[in-house]
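K.L.:
Given next are the chains, with one letter for each unit.
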Amino acid sequence: MSPGHKRAVQHDAALPAIELENVSVRYEQALALENINLRLPRGARVAVVGPNGAGKSTLFHVIAGVVRPTEGQVRIYGSGPGRHICVGYVPQRKVIDWGFPVTVTDVVMMGRVGKMGFFRWPTRHDREVVRAALDEVGMSAFADRQIGELSGGQQQRVFLARVLAQEAELLLMDEPLTGLDMPSQEAILSLIDRIQAQGVTVMVASHDLNQASEQFPAMLLLNRRLIAYGPPQQVLTTTNLLAAYGGHMHIVHTGEGEVMLADTCCSGGTALALPSLDHAAAPVVQPVAQETMQGMRPPR
Amino acid sequence: MDILQLISEPLTYPFMVRALLAAIMVGVLCPVVGAYMVLKGLSFFGDALAHAILPGVVITFLIGWPLAIGALLAALLAALLIGVISQRSNLQEDTAIGIVFAGAFALGVALLSTVSSFAVDLTHILFGDVLGVSSTDLWVILALGSVVIGVIVLFYKEFLVLTFDPVLALVLRLPATALRYLLLGLIALTVVTSLQTVGIALVLAMLVTPAATARLLTHRLLTMMAVGAVLGVAANVIGLYISYYLNIASGPTMVLVATAFFGAAFLFAPGRGVLWRMLRPIGAQAPAAPQ
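The listed protein sequences derive, respectively, from chains A and B. Using the working numbering, the first residue of the first sequence is number 1, and each one after it goes up by one. Using the working numbering, the first residue of the second sequence is number 301, and each one after it goes up by one.
Everything labelled a hint here was simulated from the structure, so no lab data went into it. Be aware that a few hints might be false.
Said to hold, decoys possible - As a list, the in silico DSBU-like pairs of lysine-lysine whose alpha-carbon atoms are at most 30 angstroms apart:
no.: 1; chain 1: B; residue 1: Lys457; chain 2: B; residue 2: Lys340
no.: 2; chain 1: A; residue 1: Lys115; chain 2: B; residue 2: Lys340
no.: 3; chain 1: A; residue 1: Lys94; chain 2: B; residue 2: Lys340
no.: 4; chain 1: B; residue 1: Lys457; chain 2: A; residue 2: Lys94
no.: 5; chain 1: A; residue 1: Lys115; chain 2: B; residue 2: Lys457
no.: 6; chain 1: A; residue 1: Lys94; chain 2: A; residue 2: Lys115
Can you build the whole structure from these sequences, using the hints too?
P.N.:
Shown next as structure tokens:
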């Protein structure tokens, strides 16, 4: 066998891009995911929502093949994730050491490492792919910057370029919009659109139920168990939201409509006006509790 | 006495030439490996490893084998023990490191205390004996050092992914666990290789201080390694000359010079130094990276 990393497996386009069958994940004593069943077709675009500790990151780790399910099976285009190098993963901002001495180009080139194989240096082709990926996300001008010098939105675009350079067919993004200003969020969302248009299956974890319901054709509501999956108006029902958010959820009847408030402590609460309830008045959306402000602080 | 004479005079002694060659090789090797330690917070691990190899060094010393063999075996055993204790108990890894490191070090000192020349030997092992480096030692340093640098060159891009984003390493299906052990093994090999120049107690400074100084001055891993190597060589050579002329112990002098370099970078590094920040007018933009 020639020296190299594991070869990519062939994809059967007729099979679901992601298929989870009775997947449970147990860490030490705690159950992080319980009996998840899910099928996503190629090119799906799904927002994954749920309270803190609902297992959103664990779900992504299981699909990416980083964490092995305690029970059940994960299949990517029909086979276990272990041999696929087609999964693009953008981690939460807080797990990355932004002071690490790497440039934007270095980070994007990392996406090529799986394809390059051992004992090889980047070829002209690899460099061209990286350059094209940076062009695509509009970050070419920053190619030689250290990543810590960029804004939060620019950093997310660099990680999307890394996914493009990886030529990923699955994109998993863990809360890419948290802490970003509106223009940056819109830039990332439109990039996700473009990537999805190339046939990439996209899953994005989000805290913002409103945005998720507006921007994504499908939502997946998670709280250890899969509570609901489908179009936003089917997922965002009072029953489902109460099942997912439980004690954190408050339904407030006001003169102007029905408002649902969530104060998930410490990482950005959510306020959501229920769209489907039959009140004529405009919905009111407002944050509650001091803690909700924390998630809105701009990144350092 | 002119400057050329100052430089050339010590070199009339063969032991000084050997010491200088050892200092240069170790000066290049340590910061390259140390860069990973600085970035991954492995300083304590490296220090523990250096102390934990004492019993191996003493045993091979007593039976007259090359010290490097005992040191290497002891390092591997210590790393294994640390791994087993932290995985098979509810103790944190740093606690496991502390237990193994102190226990092994005590065993080494106890073994050495059975020898009549205890004090002299312990001093050499603890603080190094760069002036006593033999030509065989030089070849050993060259061979082991080349292996370490060679492996880093071969796995540079994989190590970069592993240290920057371990989850990406898994997503790209790199053999992350094997690579992590390889990196720890390289640290152990470097500690063993560098032992004779600065000794157990100070080898950590060789690994960490020039690399940390370079960290303050650079924005890319490769340049960090290169700048670290230049600083490491400079500190060791300058330290060796100072120790020769002022008649102080060589190992500690090299470490003091490296520490002085770090202090200077900490205060004056462009854009990041403490004084630079204090002098920068409030509200001014951070300057662009020099790359």
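K.L.:
All hints, please: hold or fail.
P.N.:
A quick look at each hint next to the structure:
| no. | hint | in the structure |
| --- | --- | --- |
| 1 | Lys457/B / Lys340/B | holds (16 angstroms) |
| 2 | Lys115/A / Lys340/B | holds (25 angstroms) |
| 3 | Lys94/A / Lys340/B | holds (16 angstroms) |
| 4 | Lys457/B / Lys94/A | holds (23 angstroms) |
| 5 | Lys115/A / Lys457/B | holds (12 angstroms) |
| 6 | Lys94/A / Lys115/A | holds (27 angstroms) |
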